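Visitor: So the protein sequences, as listed, match chains H and Y.
The letter at position 196 of the first sequence is residue 196 when you use our numbering, and the numbering goes up by one with no holes.
All you need for our numbering is the position in the second sequence, starting with 1, plus 310.
Note that these hints are calculated values from the structure, not bench results.
Because the structure is a prediction, the values reported are computed rather than measured.
Hints may contain errors.
Once the Cα atoms are required to be at most 30 Å apart in a straight line, the calculated DSS-like pairs of lysine-lysine come out as [claimed, not checked]: (1) Y/Lys528 with H/Lys166; (2) Y/Lys580 with H/Lys299; (3) H/Lys166 with Y/Lys425; (4) Y/Lys418 with H/Lys189; (5) Y/Lys342 with Y/Lys447; (6) H/Lys189 with Y/Lys457; (7) Y/Lys425 with H/Lys189; (8) H/Lys299 with Y/Lys426; (9) Y/Lys710 with H/Lys299; (10) Y/Lys457 with H/Lys299; (11) Y/Lys526 with H/Lys166; (12) Y/Lys489 with Y/Lys580; (13) Y/Lys800 with Y/Lys492; (14) H/Lys189 with Y/Lys429; (15) H/Lys189 with Y/Lys391; (16) Y/Lys431 with H/Lys242; (17) Y/Lys696 with Y/Lys528; (18) H/Lys299 with Y/Lys391; (19) Y/Lys690 with H/Lys242; (20) Y/Lys535 with Y/Lys498; (21) H/Lys242 with Y/Lys447; (22) Y/Lys489 with Y/Lys431; (23) Y/Lys710 with H/Lys189; (24) Y/Lys557 with H/Lys242; (25) Y/Lys438 with H/Lys166; (26) Y/Lys557 with Y/Lys431; (27) Y/Lys749 with Y/Lys557; (28) H/Lys299 with Y/Lys692; (29) Y/Lys431 with H/Lys166; (30) Y/Lys492 with H/Lys299; (31) Y/Lys418 with H/Lys166; (32) H/Lys166 with Y/Lys429; (33) Y/Lys447 with H/Lys166; (34) Y/Lys425 with H/Lys299; (35) Y/Lys425 with Y/Lys457; (36) Y/Lys418 with H/Lys242.
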Amino acid sequence: MITVAFFKAAIIAGIPLLFATLGEIITEKSGHLNLGVEGMMLMGAVIGFQVGYTTNSPLLALLFAAIAGALGALIYAFLTVSLRANQVVSGLALTIFGTGFAGFVGKSLMGMKMTDQFNYFFRDLKIPGLGDIPYLGEIFFNHDIFVYLGYVTAIVLGLYLYNTGKGLNLRAIGENPAAADAASIPITKYKYLHILLGGALCGLGGAYLSLVYVPVWQENITAGRGWIAVALVIFSGWNPYKAIAGAFLFGGLDIIGFRLQGTAIAISQYIFDMAPYVATIVILVLVSLRKSKKNAPPKALSEPYFREER
Amino acid sequence: MADRSIYVEMKDITKRFGSVIATDHMNFEVAKGEIHALLGENGAGKSTLMNMLSGIYIPDSGHIFIDGKEVRITSPRDALKAGVGMIHQHFKLVDVLTTLENILLGYKTGLFVRKKEQKIKLQQLMEKFQLDVDLDKYVYEMSVGEKQTLEILKTIYRGARILILDEPTAVLTPQETNKLFKIMRRMKEQSCSVIFISHKMNEVMEIADRITVLRKGKTIATLEKESTNPQELTELMVGRPVDLSIKRIPALSDNIVFQVRNLSAVNEEKVEVLKNISFDMYEGEILGVAGIAGSGQKELCEALAGLYPIKQGEIIFKGENLAGKSPKEFITRGISMSFIPEDRLGMGLVANMDIVDNILLKQYHHSKGIMVQRKPAAAKAKEIVKKLEIQTPGIKEPIKNLSGGNIQKVLLGRELDSHPELLITAYPVRGLDINTCLKIYDILNEEKKRGVAILYIAEDLDSLMGLCDRIMVISNGEITGIVDARKATKEQLGLMMLGNKEVHHAV
Chain H
1 MITVAFFKAA IIAGIPLLFA TLGEIITEKS GHLNLGVEGM MLMGAVIGFQ VGYTTNSPLL
61 ALLFAAIAGA LGALIYAFLT VSLRANQVVS GLALTIFGTG FAGFVGKSLM GMKMTDQFNY
121 FFRDLKIPGL GDIPYLGEIF FNHDIFVYLG YVTAIVLGLY LYNTGKGLNL RAIGENPAAA
181 DAASIPITKY KYLHILLGGA LCGLGGAYLS LVYVPVWQEN ITAGRGWIAV ALVIFSGWNP
241 YKAIAGAFLF GGLDIIGFRL QGTAIAISQY IFDMAPYVAT IVILVLVSLR KSKKNAPPKA
301 LSEPYFREER
Chain Y
311 MADRSIYVEM KDITKRFGSV IATDHMNFEV AKGEIHALLG ENGAGKSTLM NMLSGIYIPD
371 SGHIFIDGKE VRITSPRDAL KAGVGMIHQH FKLVDVLTTL ENILLGYKTG LFVRKKEQKI
431 KLQQLMEKFQ LDVDLDKYVY EMSVGEKQTL EILKTIYRGA RILILDEPTA VLTPQETNKL
491 FKIMRRMKEQ SCSVIFISHK MNEVMEIADR ITVLRKGKTI ATLEKESTNP QELTELMVGR
551 PVDLSIKRIP ALSDNIVFQV RNLSAVNEEK VEVLKNISFD MYEGEILGVA GIAGSGQKEL
611 CEALAGLYPI KQGEIIFKGE NLAGKSPKEF ITRGISMSFI PEDRLGMGLV ANMDIVDNIL
671 LKQYHHSKGI MVQRKPAAAK AKEIVKKLEI QTPGIKEPIK NLSGGNIQKV LLGRELDSHP
731 ELLITAYPVR GLDINTCLKI YDILNEEKKR GVAILYIAED LDSLMGLCDR IMVISNGEIT
791 GIVDARKATK EQLGLMMLGN KEVHHAV
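Generate the whole structure from the sequences, applying the supplied hints.
Guide: Encoded structure:
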């Protein structure tokens, strides 16, 4: 049913999507289309789980999840920035690699659970003041620490992109690398850093699934969320602030079927399972119809840059 | 010009692209506080040489000295550190950013951009150099002239004392050009040096202090402006005597072959781009079209070739209304359109393919069977290369390795090859040097003699007034007048280009 509990759950379901979407936004702003989101999420999920399970330290788990995602992105960055390989193919390869990697590492983790002590770290924390607002407080400000990290990341990225000099440089690289180059911006360095950062965020998105959302290890834990994130980037018009709304909308679609179970509405579970994916297609069609200079993709997206190319 | 100390010196600079030698042991020097013109035909190596000074290309061998010290410039950053800034032919601006944001790109600011502070600084600079741009305007809303001013401001702001302008006037109206020259003189007064790449002789003679002539990758001579003349410069540039005058042959007949009546069209944003256009064209006539860039020339071209959807109006070719017919039907009736866009490669050619394959693109449907026949196309390619004197290592060279002007000759050669009855040609000499321009004019006159009606869209008023029989001026999608090319003056045309309809009545 559509209740406060539903909206609250939608936020939680949206958090992995939010991290992955932010990661892909920052990657695409550098002019690189990384379709390895799913792979990087899985790498983050499995490494986060493995480290958490072994050390019982949530912070180490998060750290290594981010590192795992970034390492996946490093492969991609080397291929597409340094070797100027085709970005689509490289990204797909990364997804296949990440899936295999997670399956391999996760074999011994199947069905494992975290300790209660570990899970306590991710308990709901009510934010004083904000959390007391009727309805909204419960929906937005009574969550685990990971959710707040998601809010903060989105806002920080938004500020970074639109209010700092470095963010300006990054946007210029994605739009017109030749112009950025002529403005003496170190393009390769920017590209590497932001692709790695994007990978780390995707890794965290995956870790949220394995550490908090499920939180048991299971095969293919991401279930296509990486692909939804790629579409959400377009939906949000490459804008981190709008990504928050997009991620939570899709979080809601993700759980709606589950929530309607046992109610009077008798629609097959599978129809609802399709919802996020159908919505993805619908939104892509709608967004493609809307033409606006400011919501357009970075102009140099997926074009390798070579200074002396004519 | 008391101060004649050498500011920049380039020695023995060599650079190759594949098997093409772009600059062959070139030497070049610029003094402090001078405007130095770099003159040469297409492919002479002007842009390449300057790209090496500004860090876009790295020379294969040679030395660069600035202020007497040897410098190694391997990136635009190095170049700016040494005080060199270049304004490229294709502006290096980010469309979706504002003036201010474009200027601050790559500039060291603190963590957050303090826009107010930077604005004050910029305002002072704009006053000093008498530049005029709106700091909050988005680049995609700007005219070419505004973009250029922005580029200059940006470069000066970053500390450039040596400004390189790569064919800056190619896309400007006469009024905008005058404004640019004012800025250049102002820079000179501030003891900056300006390197002005051009092949427009009248402009070089107007603005430059000294002129260095390049030919086929070699430095030919450096001359004082006072002691030379256009004739001498052209001969140095081309390497042999040339006749500079544009020939105009009288129009053949008064048979109307082409009539356009009340043509209107709207673009995707529902803005009216062509407003009530009506004109006639006679057999064997060259009708020029003048206008500021983006006044509807492209839409007009495409509409007359059946490529652009029209809202209303008639396009009557030899008594038949073609409005609403497919482009293919326009072509089969003998209407040919060639449009040279600003980036030259944008329309009509494939950069990675060689000359033969690019010719095949328009020819293959004439050949029999399912396989393409390369031999006739190869023969045609050789013919075009020879006829237009295209500089290429061979017809199998990917055309992206040719210089801009040579690429364009390939396109033109191919279009003129189809022997149309109505030829619509937009900017056929854009970016070409004098010698090649004259060759193109000859070819157009040749077509005219055959009775072809030619719609000639151009930016350069000199060529319009020299070549055409009549000139039609459009402004903002509207015809502001059709004048006799023999009687027109530049001032009159310039004013009409700005939308002033009264002028031609007064003259």
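Visitor: So, for every hint listed, does it hold in this structure?
Guide: Here is how each hint holds up against the structure:
no. : hint                   : in the structure
1   : Y/Lys528 with H/Lys166 : violated (42 Å)
2   : Y/Lys580 with H/Lys299 : holds (24 Å)
3   : H/Lys166 with Y/Lys425 : holds (14 Å)
4   : Y/Lys418 with H/Lys189 : holds (16 Å)
5   : Y/Lys342 with Y/Lys447 : violated (34 Å)
6   : H/Lys189 with Y/Lys457 : holds (28 Å)
7   : Y/Lys425 with H/Lys189 : holds (25 Å)
8   : H/Lys299 with Y/Lys426 : holds (28 Å)
9   : Y/Lys710 with H/Lys299 : holds (21 Å)
10  : Y/Lys457 with H/Lys299 : holds (19 Å)
11  : Y/Lys526 with H/Lys166 : violated (42 Å)
12  : Y/Lys489 with Y/Lys580 : violated (33 Å)
13  : Y/Lys800 with Y/Lys492 : holds (19 Å)
14  : H/Lys189 with Y/Lys429 : holds (29 Å)
15  : H/Lys189 with Y/Lys391 : holds (20 Å)
16  : Y/Lys431 with H/Lys242 : violated (34 Å)
17  : Y/Lys696 with Y/Lys528 : holds (22 Å)
18  : H/Lys299 with Y/Lys391 : holds (29 Å)
19  : Y/Lys690 with H/Lys242 : violated (56 Å)
20  : Y/Lys535 with Y/Lys498 : holds (16 Å)
21  : H/Lys242 with Y/Lys447 : holds (24 Å)
22  : Y/Lys489 with Y/Lys431 : holds (23 Å)
23  : Y/Lys710 with H/Lys189 : holds (28 Å)
24  : Y/Lys557 with H/Lys242 : violated (62 Å)
25  : Y/Lys438 with H/Lys166 : holds (29 Å)
26  : Y/Lys557 with Y/Lys431 : violated (52 Å)
27  : Y/Lys749 with Y/Lys557 : holds (11 Å)
28  : H/Lys299 with Y/Lys692 : violated (38 Å)
29  : Y/Lys431 with H/Lys166 : holds (20 Å)
30  : Y/Lys492 with H/Lys299 : violated (34 Å)
31  : Y/Lys418 with H/Lys166 : holds (9 Å)
32  : H/Lys166 with Y/Lys429 : holds (18 Å)
33  : Y/Lys447 with H/Lys166 : holds (21 Å)
34  : Y/Lys425 with H/Lys299 : holds (25 Å)
35  : Y/Lys425 with Y/Lys457 : holds (20 Å)
36  : Y/Lys418 with H/Lys242 : holds (29 Å)
Violated hints, listed in ascending order, are 1, 5, 11, 12, 16, 19, 24, 26, 28, 30; each of the other numbered hints is respected by the structure.
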